[in-house]
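So the sequence lines, in the order shown, correspond to chains A and B. So the mapping is simple: this note's numbering equals the position in the first sequence, first residue as 1, plus 40. So the mapping is simple: this note's numbering equals the position in the second sequence, first residue as 1, plus 4.
Because the hints were derived from the structure by calculation, they are not lab data. Don't take every hint at face value.
[As the list claims (entries may be wrong)] Here chain B is said to cover these stretches of chain A; the calculated rule only asks that three of the stretch's residues, wherever they fall, bring their Cβ under 8 Å from a Cβ of chain B:
| id | stretch |
| --- | --- |
| 1 | 82-89 |
| 2 | 146-158 |
[Said to hold, decoys possible] With the C-beta cut set under 10 Å, the calculated list includes, among others, these residues of chain A facing chain B:
| id | residue |
| --- | --- |
| 3 | Phe74 |
| 4 | Gln78 |
| 5 | Leu116 |
| 6 | Thr120 |
For glycine and all other residues, C-beta sits at the position ideal for the given N, C-alpha and C.
In case you want the letters, here they are:
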Amino acid sequence: GAVVSQHPSRVICKSGTSVKIECRSLDFQATTMFWYRQFPKQSLMLMATSNEGSKATYEQGVEKDKFLINHASLTLSTLTVTSAHPEDSSFYICSARDSAGGASDTQYFGPGTRLTVL
Amino acid sequence: GENVEQHPSTLSVQEGDSAVIKCTYSDSASNYFPWYKQELGKGPQLIIDIRSNVGEKKDQRIAVTLNKTAKHFSLHITETQPEDSAVYFCAASKGAGNMLTFGGGTRLMVKP
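Please build the complete structure, drawing on both the sequences and the hints.
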C-alpha cells in the first residue's frame, strides 16, 4: 500500500516551454501533497504544500507564478513549471500524506521527475 | 523554524558491520521523526519512523532511537548488506499536516 506515482519520470524540453508533472496517490486519499526539488548530491527542499480544493502554500523564495500547483482531487496534484529555463533543471519529487488513520503524519514519496531544460 | 543536522555525510562500512547515522533537531515541538532511503535516480522510500512518545523502535535489521531531552535521534543498521548502499535522510516534523524538515543526507557505502 501507500504508493505514489509521478508522471513523467523524465522530461527534456526547450527553454521557454511549460512542463506539467503529475503526482498521484494510487491506493489512498491525500488531502495534502508536497512538492520538493532536489539538486545533485543535495537534500530535498520543500517548494510548496498542496491542499485539495484550496490554494497551495509556497515556501519563501519559490515563485508561485512560475511553479503552478493544482490539487483538484484527493488523489492528484500537478506542478506546472512555466516558461522553463536551464536553471529550472532539477529532480522534482512529490509526496502525499495519507488522510485517513492515525498515522496521518506519514509522507510517502513518488519516484521523482527529472527535468532537463535545454 | 526547525533545523535538522545529520552526520556523517558519508559512511563506508564493510559488509556485515553495523552503521549508525545521527541527527539533531532544534525545535522541541517536533514529534515525528522518519528516516528515508534514497537510491540513485529514485524518490525517497520510508524505512522507519518514530514518534516522540517512543524511545526506540526496531524493524528487523533497522532500529531508530530518540532522545527528546537531547533532541537527537539515530538510525542503526545491523548486518549491513551491499543493497543497503544508498543515501539516507532523517527528517523531523510537528506531526499531522506539518512539513518535514530534512537533514543533509548520509551516503552509505557497504563494501562486499
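Worksheet item: Quick check: the stretch 146-158 of chain A, covered by chain B? Criterion 3+ residues, Cβ under 8 Å.
Response: holds (count 8)
Worksheet item: Taking a Cβ-Cβ distance under 8 Å as contact, does the stretch 82-89 of chain A have three or more residues in contact with chain B?
Response: holds (count 5)
Worksheet entry | Closest C-beta approach of threonine 120 of chain A to chain B relative to 10 Å, hint status | Hint on threonine 120 of chain A: violated, closest Cβ of chain B at ~20 Å, above 10 Å.
Worksheet item: Given glutamine 78 of chain A as an interface hint, is the shortest Cβ-Cβ distance to chain B below 10 Å?
Response: holds, 9 Å
Discussion item. A closest beta-carbon separation below 10 Å is what the hint needs, so does phenylalanine 74 of chain A meet it against chain B?
Written reply: At 7 Å from the nearest chain B Cβ, phenylalanine 74 of chain A passes the 10 Å test, so the hint holds.
Worksheet entry | chain B contact restraint on leucine 116 of chain A - CB to CB distance below 10 Å | With a closest approach of 17 Å, the leucine 116 of chain A hint is violated.
Checked against the numbered hints given earlier, this structure breaks hints 5, 6; the rest are met.
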